[in-house]
Amino acid sequence: MKHAGNVEAETQPASRLRAIFTHRAIWPVIALALIFLVDGIISPGFFQIRVVEGRLFGNLIDILYRATPTALVAIGMAVVIGTKGIDLSVGAIIAIVGAVITWRIHAGDPHGLVLLIALAVALVCGLWNGFLVAVLDIQPIIATLILMTSGRGIGLMINLLYGGTNPSFTSPFLQGLSVGHIGLIPTRLVLFGAIFLALWLLVRRTAFGLLLEAVGGNPAAARIVGINARLVIYSAYLISGFCAGWAGVVLAADTHTSDPVSIGLYVELDAILAVVIGGGSLAGGRIYLGMTLLGVLVIQALTTSILTSGLPPEYNLVVKAVVVLVVLLLQSANLRAALYRMFARAKP
Amino acid sequence: MTARIEMTGVSKAFPGVRALDGVDFRVEAGEVHALMGENGAGKSTLIKIMTGALRGDGGEIRLDGRPVQIGGPGDAQALGIGAVYQEVNLIPTMSVTKNLTLLRQPRRFGLIDWRAARERARERLRRLDVDIDVERPLGSYSVAVQQLVAIARALEDDTRVLVLDEPTASLDANETALLFKIVRDLKARGLAIVFITHFIDQVYAIADRISVLRNGRLVGCAPTAELPPPQMIALMLGRELERAEERTAQTPSAVRGEPILVAEGVGRRRLMQPFDLSLRAGEVVGLAGLLGSGRTEVAKLIFGAIKSDSGAMTVAGAPVGAASPGRSLHLGIAFCPEDRKAEGIVAELSVRENIVLALQTKRGVFRRLSHSEQQALADNMIEALAIATPDAEKPVGQLSGGNQQKVVLARALASEPRILILDEPTRGIDVGAHAEIVALIRRLCADGLGLVVASSELDELVAVSDRIAVLKDRRKIGEIEERAINRQTIIDTIAGPSS
Ligand SMILES: Nc1ncnc2c1ncn2[C@@H]1O[C@H](COP(=O)(O)OP(=O)(O)OP(=O)(O)O)[C@@H](O)[C@H]1O
Ligand SMILES: [Mg+2]
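Just so you know, the sequences run in chain order A and B. For the record, in the first sequence the residue sitting at position 298 is 298 according to our numbering, with numbers rising by one throughout. For our numbering, add 1000 to where a residue sits in the second sequence, where the first one is 1.
Okay, derived cross-link-like pairs now, SDA-like style, lysine to any residue, Cα gap no bigger than 20 Å in a straight line:
1. A:Lys84 x B:Ala1347
2. B:Lys1307 x A:Asp137
3. B:Lys1362 x A:Leu231
4. B:Lys1394 x A:Ala19
5. B:Lys1394 x A:Arg24
6. B:Lys1362 x A:Asn228
7. B:Lys1307 x A:Arg230
8. A:Lys84 x B:Glu1348
9. B:Lys1394 x A:Gly279
10. B:Lys1394 x A:Ala25
11. B:Lys1341 x A:Arg286
12. B:Lys1394 x A:Arg204
13. B:Lys1394 x A:Arg16
14. B:Lys1362 x A:Arg204
15. B:Lys1362 x A:Pro219
16. B:Lys1307 x A:Arg223
17. A:Lys84 x B:Pro1395
18. B:Lys1362 x A:Thr206
19. A:Lys84 x B:Lys1341
20. B:Lys1362 x A:Arg205
21. B:Lys1307 x A:Asn228
22. B:Lys1394 x A:His23
23. A:Lys84 x B:Ala1342
24. B:Lys1394 x A:Arg286
25. A:Lys84 x B:Gly1397
26. B:Lys1394 x A:Ser281
27. B:Lys1307 x A:Leu136
28. B:Lys1181 x B:Val1145
29. B:Lys1362 x A:Arg223
30. B:Lys1341 x A:Arg223
31. B:Lys1394 x A:Arg18
Hints are computed from structural coordinates only; laboratory data are not their basis.
Extracted from the complex, chain B is given alone in its bound form:
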């Protein structure tokens, strides 16, 4: 049987890195094919070659048995290959209609027919069960909606292959379910779908077949049923995953003593209702809630990235006054933002420069870290977080998505914080690195670091938190203490009558 799309012997070298090395990859029509691999394994590179965003160094691509040349995204689109990339590449300041019209415009007398464009945009979104005002700027919608708009844009009437690179990284459970429903519809219509994710359970929920990449080589390809998770993960990592031991109610945390951070009535009108929060040394406080419940807002208010208009904070007993990122930095509070591309990495700067940035800012302009100190710090972090890069001088923008995320985390850790605030810290990070980062954070907490984690992953929160603050509709609606922490209590608290 001829495959819908078949790539043979695909290679790609970047300076210092062999991203792909003779990879064969085939996807049948009416199949959801999961492409798995560690951060930097070459997944995004492979699908960028398939969709014309990158040119391979060799290899062949066949579509329905016919060899095709894909020289650019235009070619791919003409052939019916649509893609949603890992980094959403829509334009937030433009309206939804304009974003959907960028590539193909309906014309009338040689001019763009905006009425038709609006109609088409609405209709394309309706196919995905999305009903929104298409005239509003895209940026005014949640990341989830933006993600759906990106999918709508990739889907033309004649699309034969749809590629989704980590589409669920910023979606919550309901939105993921919606996306999966759409994917199943498309599959039923005979599309070949390539799905990249680091959520193992999602792979088993939707994929028919799994291909695994490791260090740019294809190391396995099997139907989902024949490749259970432990084996798949072992293929991915090239080793067994040591399971981080789950916290249980029987292991009460050893956290006692005075809080190092107390927020009382901190809030901001229209953004977040005033809330109280405290954090002791060595303690992990989770922020749980649905998308838009105020997780990010709480994290940013505490850090000072958003200015509060009520309440007060103390750090180690001393009043903070007006919190700001600069002040927080000097108080020993570090923050990893949720959106690594917009607020995290400085893409042009090297891995080394990105990692030392916060520590250097803390030291001030005139106490420059010497090159060898910077080098040592960067090398330590690259080692500790297993950042895949040929050297510390590579511009961060050229790292794979998950490795960029690790660099942002490394920067926060390098600033030697007493209090660390992480907003979706493991988004896009592979299972192996995930376990290592959790272990690292546990070690730091044992040394007295106080940690606030905002996450949409309930399991992650349950696994690491000593206490969980539950948020809903931009209010804090409750706190769950250590012994009561489990998935169900969190869901019940969110669902329960908000007092």
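Next comes chain A alone, as it looks inside the complex:
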């Protein structure tokens, strides 16, 4: 590179330290560590993991267990946000899926088929969002707001299809997917792992991630390159719909009832927060699946810790807001640039 004489490689240990401190994972990891540290001090048994009745028990397992639905929604959200979009309808999709499951079980369908129908409905929801955004070119926040506001109503209407007097069901098959366990490990974690892996492979082991980030980063440039932006955006909302749908299966099977009014309420906000804590920008152009997961864990660890710490639940939201704010501040590019300058000065 004859023209790059002013370019020097960073090799010294000081710069490795700097690299660690400017790595995007550092602040969520520190936040998580701090939360656990406080937990460890307040309740010494916090990290205990026992085996009870052939399955794992303990606060850490509980955090993972409870985080699963949000995590599902959040990884789908990360993909949509990568396209410069947003999917506010995920909570509504969960409600619709819960209602559809209850309805079809009441109608007597085989439970395997019920699962397929539920996921198909979730995909249709994603298709609808994709249509509004990619084809009609409606701004994502408005486009998905439509399903967000109408979705829970649709759920209630589905409840009415079978009278709606008793919207609960029993299904060993579906409940197995949600609250069962494979060996020592909760089934929902295993299934989440499979979905996460599949999505990660799609994003990072095919070119899908690159094309999607190009579409999100600069739509006009992506179009000139010849990328089928419409198809890419469609796929993103489909993925988000599917992930929300699976979260709906997990939640509905857990509560074995269809409660469209409150199931998965505000999950979209937690999911968006998780993406942002994970360093994703709402301006689009980047997908960090692993980091998003870290964001989900920060949020859920915080919630669980506040509950186990005996702090009055009123404080829950306030403490959560403060922690989230701090992490976001630390993630901000300006602050990081300032920190970088500090390091550059301290270790010239």
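Start from chain A and add chain B with the ligands according to the hints.
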């Protein structure tokens, strides 16, 4: 004598790059000072520090002999330092008035007084001899007008220093002349003017003094008269520039054979009148014409970035049907857009990702180029086009303007095209790289690549083209064949009665 503005020992490090290393730079009042250097030499960084857009790592700035702290653009403005940056940072969807009012608003009862704002906007533009409707969105005007609006915004009544970073990159000859007239006026009023450009002749037309940066260091500073072009270029590049041999009428191109691309009656209402164009393998067809004559439109119509509503195209004898960027990509047609920021780079993505993007799209989602293939491709291109970057993983948005332009070109080349369409390919690219890119394109054409180049640089077109299509008022008004190509025939064709 104390300088109007004097910077001493200015340094700036970015991760992996020392952009500036102890640079001294001084500009006198009533002087036009050209700041020269290769792509990535540190010119934009230096003036960003002067105007508060960036914070230096060390060094001192004195204004009229008094040390000043410039912590942000607000400080610079208060001190009377105005700047027009390389990347126009106005808001295209807002009206001209609003763009001019963004930084300082006339107020009445605490509210913005829009009537006064409009008056002021008109008056500021009048000072620059620009008479336009200030209520229309800025984006509805040509880049040249936008550039003048940016200058109007930088000029306050009390401006003492005006910095212009590549202001002429998107201007044609007439507009450049207008800009120079304005610059001379301002100079006569005692402003210190810093002027960055890659057009060597413009430097000698307007600058009183030249400073040359190389790899973040000041390597020379002299009055224009004492630093003739060859020496200045040698200072810039750190080596002599091998002159790309000029094409002459005596070197007829070896291009014969069947056309690989034929456009017949392709056009779009209100945008471009139907035109015919053909291109043979190994041939270079230039698109000449003034700004707004339809150069970009022809390039985009052929590529399919703009949908045509008439005519038909064939590529290698096969009808194309509805041209679109995706279809063109698969037919082996690549395109470099004129506006690198809006349509070229994906700023967040790395140099590597930007370079492989087109090829990867061509291969499809499921045939991902492995990381090592991507790396090899990126490294090849970085080497071939001399892109100044510490490594291929740097986000493209952090490269210097000219190097971003090279990345866009690299992306097109990496998609292995048979036909390449370049719209203002060398905008903002330094003289050294310019010569290398011309040589590279010649080599590719010798291997059978067909090339369409749209450019506002007549000399560039004359130097590379086998045939030139001349455009005027969104019509193709003629074609100049190889033996007749020179600057004058093009100008005559444009000026002549449009048939
Ligand atoms: N925000 C940034 N982050 C990291 N590196 C940067 C940033 N801005 C500039 N650089 C680096 O600093 C060096 C100098 O860049 P600069 O923009 O000053 O070049 P320039 O002389 O203006 O070039 P050009 O003629 O291409 O505009 C380049 O190597 C560039 O990659
Ligand atoms: Mg520059």
